[in-house]
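Asks: What follows is the residue order along each chain.
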Amino acid sequence: MTKKTSRTTPNNHVALPRRQFLQAGLAGSALAATGSLGAASVARADGLGIPDWSRQLGATVDDAPYGKPSDFESGVIRRSVEWLTATRESSINFTPLYALEGIITPNGICFERHHAGAAEVDPEQHHLMIHGMVDRPLLFSMEDLLRLPRVSKFYFLECAANGGMEWRNAQLNGVQFTHGMIHCVQYTGVSLKLLLEEAGVKPKAKWLMVEGGDSAGMNRSIPMDKALDDCMVAFAMNGERLRVEQGYPLRLVVPGFEGNMWVKWLRRIEVGDESWQAREETSKYTDLMPDGRARRFTWEMDCKSVITSPCPENPLLAKGPNVISGIAWSGRGTVKRVDVSLDGGKNWTEARIEGPVMPKCLTRFYLDGWEWNGDPVYMQSRAIDETGYVQPQMTELQKVRGVNSIYHNNAIQTWHITKTGEVENVRLA
Amino acid sequence: MSVLLKGFVAALVLGVVCTGSLSAAERAFEGIGRTPTPEEIKSWDIDVRPDGQGAPVGHGTSAEGERVYLVKCASCHGEFGEGAGRYPVLIGGHETLKDMRPEKTVGSYWPYASTVFDYIKRAMPFGDAQSLKDDEVYALTAYLLFMNDVIDEDFEVTQDTIGTIKMPNEANFFMDPRPDAQPDGPACMKDCKDEIKVVGRARVLDVTPETGGDDKPDMGEGSAQTQAQAKPAEVAAVPAGDPAAGRSVFNKCKACHVVDSPKNRVGPSLHGVFGRTAAEMEGFKYSADMKAVGAAGLVWDEENMAAFIADPKGYLGSVIGKKKASTRMAFGGIRKAEDVRDLIAYLKQETTKQ
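Residue numbers (this note's numbering), protein chains in the order written: chain V, 1 to 429; chain P, 1 to 354.
Keep in mind that the hints are not guaranteed to be accurate.
Derived BS3-like pairs (lysine-lysine); straight-line CA-CA distance at most 30 Å [claimed, not checked]: (1) V:319 - V:206; (2) V:284 - P:324; (3) V:284 - P:72.
Covered by chain P, according to a simulated footprint, are these stretches of chain V (three or more residues, beta-carbon under 8 Å) [stated by the list, open to error]: (4) 162 to 175; (5) 250 to 257; (6) 377 to 391.
Since the hints were derived computationally from the structure, they do not count as laboratory data.
As the structure is a prediction and not an experimental result, all values here were calculated from the model.
All C-beta atoms, glycine included, are put in the ideal place defined by N, C-alpha and C.
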């Protein structure tokens with residue numbers, strides 16, 4: 001077989017991050033590609049040839065009982081930013097949004113955020129307890145839960161800190177790092193409302209405390225209205241059981257709300273009349289304002305969008321027709337419209353929404369018919385949701401929130417496309 | 001929920017099940033799942049609410065907590081809660097919440113004392129969670145609250161008192177007012193701004209993984225591109241304090257400093273410190289910044305010592321033109337002006353004895 005060389009981006013010829021690319025020994029072709037725009041494919045005098053895969057047998061049906069992407073796609077992986085956190089167990093990695101199409105994130109590249117590492121839980125020993133202000137406390141095994149009626153829904157999950165490093169200025173040069181604390185899958189599980197009805201919630205109960213079975217014992221308070229609205233206790237994602245790092249065997253799904261509330265390895269739900277003021281809803285996941293006061297219970301993820309092609313990992317390779325595409329989402333419902341600007345926000349054009357539009361789910365958009373003439377471009381996208389909420393520019397957000405709130409940065413992203421087709425993360429005044 | 005009340009509810013549920021008459025609505029899926037025993041609930045029910053609900057029977061003081069802290073916590077959080085590396089800072093940070101680099105600690109930020117207990121009990125020590133006894137957790141809670149000037153040194157934190165402690169920053173939290181930052185009318189489509197001005201480039205900063213760069217800005221709490229101007233620490237006049245009260249304040253210092261002999265420990269001896277130039281205690285290895293303070297001619301007196309104790313790194317920084325000086329002293333400072341005055345009075349009395 002021919003030597004396999006991994007690419008890191010969907011574009012066959014150029015791969016960022018550049019250092020990794022150079023290390024892969026492809027510097028020549030990369031520079032050739034960026035250096036001579038439009039020469040993506042050169043005619044070969046001896047014809048297109050007959051490669052090995054056209055002559056020889058391929059892999060057997062037993063070689064990959066659980067398949068994985070082509071080795072040529074081995075660069076499409078979660079990546080982390082080492083300086084962000086004290087340890088690798090209490091840390092985060094990022095979804096490679098630049099390489100994704102449509103709206104669904106494959107399970108193996110859904111970003112991870114743990115507070116004490118990914119717990120490996122034996123489903124036979126796992127239980128879900130519901131107690132507190134209920135008529136009857138209940139203890140469910142996984143087998144029990146699998147006997148109850150199921151629901152399957154598509155939802156995005158976004159960390160409240162997505163974009164948190166970008167508050168003060170453009171800092172990380174890649175959509176994986178600026179926007180990659182998000183994924184979107186189809187969850188299957190039991191509606192939380194059903195479980196609470198089984199336990200019988202007391203009339204004065206207003207809150208739940210949900211708790212994970214990992215060694216962080218992650219706990220959050222969930223308001224009863226939300227719990228009875230659309231929350232789900234999920235055991236599957238994208239048609240298979242949850243991945244370990246996503247809370248196997250059981251996680252809470254809190255559609256549209258910040259990812260920290262989607263407690264993984266869910267083991268306990270206590271019903272009460274007051275919130276718990278857990279560490280993760282006081283010390284963390286509260287938003288510090290310029291006056292030194294802090295917003296709490298900032299649950300909903302504001303409407304947001306980003307262009308994933310082009311982006312720093314997906315530079316332009318040729319003048320003429322190019323694909324502009326991205327994703328949009330809102331924690332308050334469906335995405336109603338996405339606009340794209342090619343001049344840094346001076347003028348906007350409505351983009352085409354492609355595929356299903358579902359509430360609290362990623363929505364894919366395209367700007368058709370764009371031809372790049374080789375001039376620098378300041379590209380932005382702006383999403384508007386069904387409530388009429390308009391994704392703001394960072395200058396507007398900073399006017400209200402300053403730069404120390406860490407969480408809930410949903411500002412418009414600017415990509416600067418240079419004359420060479422490279423794309424950089426910039427901040428506009 | 002209190003243990004007693006829990007037992008009552010559990011007994012009630014069991015009683016209801018036994019008599020076969022549910023007071024509430026029947027279950028739709030009777031037979032799926034079972035009633036957990038009171039012991040099963042108790043074994044998992046570790047949470048504590050701000051009002052003290054859920055607090056287990058137990059007690060602890062700051063002195064007890066300091067002993068546990070030094071063994072189980074200091075390796076990550078620092079001997080004075082200053083945080084090693086990127087581990088969280090636990091102590092100090094008062095009046096920094098409007099700064100460019102706010103320090104959100106237990107004392108400066110956390111709104112409820114119960115959260116300290118709840119979090120330590122469930123998640124600490126990191127990698128050895130739920131290994132501490134309830135009395136140890138109470139003691140650690142007391143220690144962190146004492147070191148943050150929230151409670152007095154001899155205050156005992158118990159299941160009855162934890163819900164009574166008021167944290168200084170509680171009133172500064174308010175409910176999420178979003179949506180915010182919205183335009184007055186519909187989203188602008190044409191001629192929305194006059195000019196395009198680039199004010200930041202991620203490539204220039206160069207901290208993106210795999211593209212190199214050694215700069216390590218904070219996650220959202222500051223970046224290499226924006227630095228606040230150093231604000232000189234305010235030097236207040238120092239009224240006379242109470243040396244007897246200052247002796248108690250000095251408990252925060254005595255692990256590293258002696259006052260009555262020229263013997264250096266983790267920190268330099270304070271014997272004869274007043275009137276001495278900074279960084280001149282014989283035999284002590286000072287930091288470069290402290291040496292610079294000495295070279296700048298700072299001679300310790302009551303006023304500058306008070307300013308230093310109130311904000312060690314900030315004050316020394318103001319002397320040598322930095323936002324924060326880097327010294328070997330990890331201690332974050334003493335918050336209450338009254339405590340600083342008392343401590344100065346105590347030091348004046350003790351460090352001059354022959």
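Asks: All hints are to be evaluated individually against the structure, with a verdict given for each.
Replies: Hints versus structure:
no.	hint	verdict
1	V:319 - V:206	58 Å, violated
2	V:284 - P:324	25 Å, holds
3	V:284 - P:72	23 Å, holds
4	162 to 175	holds (count 10)
5	250 to 257	violated (count 0)
6	377 to 391	holds (count 6)
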